[in-house]
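A.B. asks: The chain contents come next:
Number of protein chains: 2
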Amino acid sequence: MKKIAIIGGYQTAFGELWEKSLGDLIEEAGIGAISDSGIEKNDVNCLYLGNMAAGRFVGQEHVAAFAADCLSLKVPAIRCEAACASGALAFSQACIKILSGKAETALVIGAEKMTDVIGSEAVTTLMGAGDSEWESSIGLTFAGLYALMARAHMHRYKTTREQLAMVAVNNHKNGQKNEKAQFRFPITVDDVIKSAVIADPLRLLDCSPITDGAASVIVASEDYVQKKKIENPVWVLGSSHGSDSIGLHDRADITEMASVKKAAKDVFDESGLKHKDIDVVELHDCFTINEIIGLESMGFCEKGKGGTFVEESELPTNTTGGLKSCGHPVGATGVRQIIDIYRQLKGVSINQVKGAEHGLALNVGGSGATAIIHILGVE
Amino acid sequence: MKKIAIIGGYQTAFGELWEKSLGDLIEEAGIGAISDSGIEKNDVNCLYLGNMAAGRFVGQEHVAAFAADCLSLKVPAIRCEAACASGALAFSQACIKILSGKAETALVIGAEKMTDVIGSEAVTTLMGAGDSEWESSIGLTFAGLYALMARAHMHRYKTTREQLAMVAVNNHKNGQKNEKAQFRFPITVDDVIKSAVIADPLRLLDCSPITDGAASVIVASEDYVQKKKIENPVWVLGSSHGSDSIGLHDRADITEMASVKKAAKDVFDESGLKHKDIDVVELHDCFTINEIIGLESMGFCEKGKGGTFVEESELPTNTTGGLKSCGHPVGATGVRQIIDIYRQLKGVSINQVKGAEHGLALNVGGSGATAIIHILGVE
Numbered sequence: 000m001k002k003i004a005i006i007g008g009y010q011t012a013f014g015e016l017w018e019k020s021l022g023d024l025i026e027e028a029g030i031g032a033i034s035d036s037g038i039e040k041n042d043v044n045c046l047y048l049g050n051m052a053a054g055r056f057v058g059q060e061h062v063a064a065f066a067a068d069c070l071s072l073k074v075p076a077i078r079c080e081a082a083c084a085s086g087a088l089a090f091s092q093a094c095i096k097i098l099s100g101k102a103e104t105a106l107v108i109g110a111e112k113m114t115d116v117i118g119s120e121a122v123t124t125l126m127g128a129g130d131s132e133w134e135s136s137i138g139l140t141f142a143g144l145y146a147l148m149a150r151a152h153m154h155r156y157k158t159t160r161e162q163l164a165m166v167a168v169n170n171h172k173n174g175q176k177n178e179k180a181q182f183r184f185p186i187t188v189d190d191v192i193k194s195a196v197i198a199d200p201l202r203l204l205d206c207s208p209i210t211d212g213a214a215s216v217i218v219a220s221e222d223y224v225q226k227k228k229i230e231n232p233v234w235v236l237g238s239s240h241g242s243d244s245i246g247l248h249d250r251a252d253i254t255e256m257a258s259v260k261k262a263a264k265d266v267f268d269e270s271g272l273k274h275k276d277i278d279v280v281e282l283h284d285c286f287t288i289n290e291i292i293g294l295e296s297m298g299f300c301e302k303g304k305g306g307t308f309v310e311e312s313e314l315p316t317n318t319t320g321g322l323k324s325c326g327h328p329v330g331a332t333g334v335r336q337i338i339d340i341y342r343q344l345k346g347v348s349i350n351q352v353k354g355a356e357h358g359l360a361l362n363v364g365g366s367g368a369t370a371i372i373h374i375l376g377v378e
Numbered sequence: 000m001k002k003i004a005i006i007g008g009y010q011t012a013f014g015e016l017w018e019k020s021l022g023d024l025i026e027e028a029g030i031g032a033i034s035d036s037g038i039e040k041n042d043v044n045c046l047y048l049g050n051m052a053a054g055r056f057v058g059q060e061h062v063a064a065f066a067a068d069c070l071s072l073k074v075p076a077i078r079c080e081a082a083c084a085s086g087a088l089a090f091s092q093a094c095i096k097i098l099s100g101k102a103e104t105a106l107v108i109g110a111e112k113m114t115d116v117i118g119s120e121a122v123t124t125l126m127g128a129g130d131s132e133w134e135s136s137i138g139l140t141f142a143g144l145y146a147l148m149a150r151a152h153m154h155r156y157k158t159t160r161e162q163l164a165m166v167a168v169n170n171h172k173n174g175q176k177n178e179k180a181q182f183r184f185p186i187t188v189d190d191v192i193k194s195a196v197i198a199d200p201l202r203l204l205d206c207s208p209i210t211d212g213a214a215s216v217i218v219a220s221e222d223y224v225q226k227k228k229i230e231n232p233v234w235v236l237g238s239s240h241g242s243d244s245i246g247l248h249d250r251a252d253i254t255e256m257a258s259v260k261k262a263a264k265d266v267f268d269e270s271g272l273k274h275k276d277i278d279v280v281e282l283h284d285c286f287t288i289n290e291i292i293g294l295e296s297m298g299f300c301e302k303g304k305g306g307t308f309v310e311e312s313e314l315p316t317n318t319t320g321g322l323k324s325c326g327h328p329v330g331a332t333g334v335r336q337i338i339d340i341y342r343q344l345k346g347v348s349i350n351q352v353k354g355a356e357h358g359l360a361l362n363v364g365g366s367g368a369t370a371i372i373h374i375l376g377v378e
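One line per chain: the protein sequences are A and B, in this order. Take the first sequence: its position 369, counted from the start at 1, is 368 in numbering that gives the first Met the number 0, and no numbers get skipped. Take the second sequence: its position 34, counted from the start at 1, is 33 in numbering that gives the first Met the number 0, and no numbers get skipped.
Because the hints were derived from the structure by calculation, they are not lab data. Any given hint could be a false lead.
Subject to a maximum C-alpha distance of 20 Å in a straight line, what follows is the list of computed DMTMM-like cross-link-like pairs (lysine to aspartate or glutamate) [as the list claims (entries may be wrong)]:
hint : chain 1 : residue 1 : chain 2 : residue 2
1    : A       : K73       : B       : D252
2    : B       : K73       : A       : D276
3    : A       : K101      : A       : D42
4    : A       : K101      : B       : D35
5    : B       : K73       : A       : E269
6    : B       : K227      : B       : D35
7    : A       : K353      : A       : D252
8    : A       : K172      : A       : D199
9    : B       : K264      : B       : E221
10   : A       : K101      : B       : D276
11   : B       : K73       : A       : D278
12   : B       : K101      : A       : D42
13   : B       : K345      : B       : D249
14   : B       : K40       : B       : E15
15   : B       : K101      : A       : D276
16   : A       : K73       : B       : D276
17   : B       : K73       : A       : D42
18   : B       : K73       : A       : E103
19   : A       : K19       : B       : D23
20   : B       : K260      : B       : D249
21   : A       : K2        : A       : D249
22   : A       : K101      : B       : E132
23   : A       : K101      : B       : D268
24   : B       : K101      : A       : D278
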């Protein structure tokens, strides 16, 4: 596709930020990205906001207009929502706007303020990402949905409880140095396996937390980059969006994600790259099983071999902590992944992959009804 | 801009549809648009859904994935939200996608199921379109916000209570023949003025209702239209999006809408048309004062003369009943306006404007933080 550049980004602290409102988070993220990119605020042509459920979390719909106002921006403001993939959706739609020629630059913010409601209300709100008529109504939580997938995967492919745990262990290890992460302590396989059962076989340390936070990037057209003489931007080499049924019960196979498979095929086709060209991967470990399914469905390993891949592979994944350690402010996560890949490709990550030239970010909505993948690269 | 065509559309009944779920409405609207346009379902490249608050109204977020699933579509599904302008926002983003070359066709659906919650909960949810921190929190309703605008307009410009009422009278008159409208009875100025006070000076018959409903259109690239030999499509001649502060208290002047002024300037510039070229207008009469402010802010009359314009002008406005008579399922309204202009330009409106060649639709979000305008035309 026509070249689109990322020229800066920012992430707020992720965590239980009692002292910050949704507006505070958006303001910090927006100013942070503008400052990091070095552009003038007046050069921002439009705002794309990824947010899942501010209506239920803080009583605010019209969220993009609210966000623009937080930043005193009088530009078209578009809220994009696809549950936990809202961040990547906003990013992808901003890229499309620039491709269309209707804008030269876009500020993309992902934000979610989740801790203003009590925990059970947050869990109920998150179930809005599933099928409200057939899943939420019978009391299925998201941990429950992913537990069904995990159990099926363990049954069919002999994936072990330990292999699931290793996903969380890796991501906590990576998050230790991340000052923006919600959880910065190492855990062991034994810790995971002995933590409280949430939805069998998933335990507390298999699950990403409830989090407040925001993340942001500035995207720009190639013309803009040349005009402003911006050096060494990161380029968007592919952007894809796969879909599947919203309810788990409608899927032919719950041990894989058809949406991820489709998005992976499309993004590799578009970028012209192969799996071996990818130096670093951010992927959606809302629950540990999802990292395994994601790796398989994207084709980084054979179907059913994700557990072994997690044990043995040296592919750098979730190098800043993933959703498990960073935390998962649902609308922000997809944008946070993009920034973390951006930083890897700029050579400034906290856990730098030496010589990283191409990175991939997979953001999943719900139990896989939406999968959005971006491949970024440097020249 | 590069030419984008509308090739079909559909509207469900609008009203208190106790027997229909959000899914039912989306399914009917989606199938209706596909059928009306004559394309195959497999030819739909992507789905853009306008929806304000399904999370609060029916417990469903991830609404576009839900909608795609209702139609068994496995295509990228994007929910766009900008409060009451969500419908036009979805339409505008679909046009941008086609402009970008990443899709040839898009199904755009606007949908809202509002009557599954009690009235006070619906009013609270709608306040999410305003500033949650500064307006909703002090108990200001949307009727309250527009009442402030109406009172200021009456005070400054001598706009009369009768002139406000004439907006509702006109729109009810136009909606009488509309089988899809929620209210199909004529009203008089006296009826409006003597109806119950909602927020002084606005009365019951100044206010659009709480409504269930969906509307849909198919947009396509010029190449697709030529390839499929589609005859006499309607073209999108301009698409603009203006923004303003989300809270009324931050505006320099609450008797006009800066967002509408900006969007109007942009859309006339883009289309190359003048006000006198517009044969028919759909505009956002959520409360009667908003039709007057919309006409002024778009430049159809001088500032302060909107009341007189409503009394005297022969410009056909809201020819199918507007939000007042059709009903206002918030996410659906912007798409419903587009279809109604489309039908005027195809010569098949229930209140046909003879020889209509150009039509304009203004969809407003909240108290004016978002204004989206489209100009459509035939060749």
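A.B. asks: Checked against the structure, which of the hints given earlier come out wrong?
C.D. replies: 2, 4, 7, 8, 9, 10, 11, 12, 13, 14, 15, 16, 17, 18, 19, 21, 22 and 24
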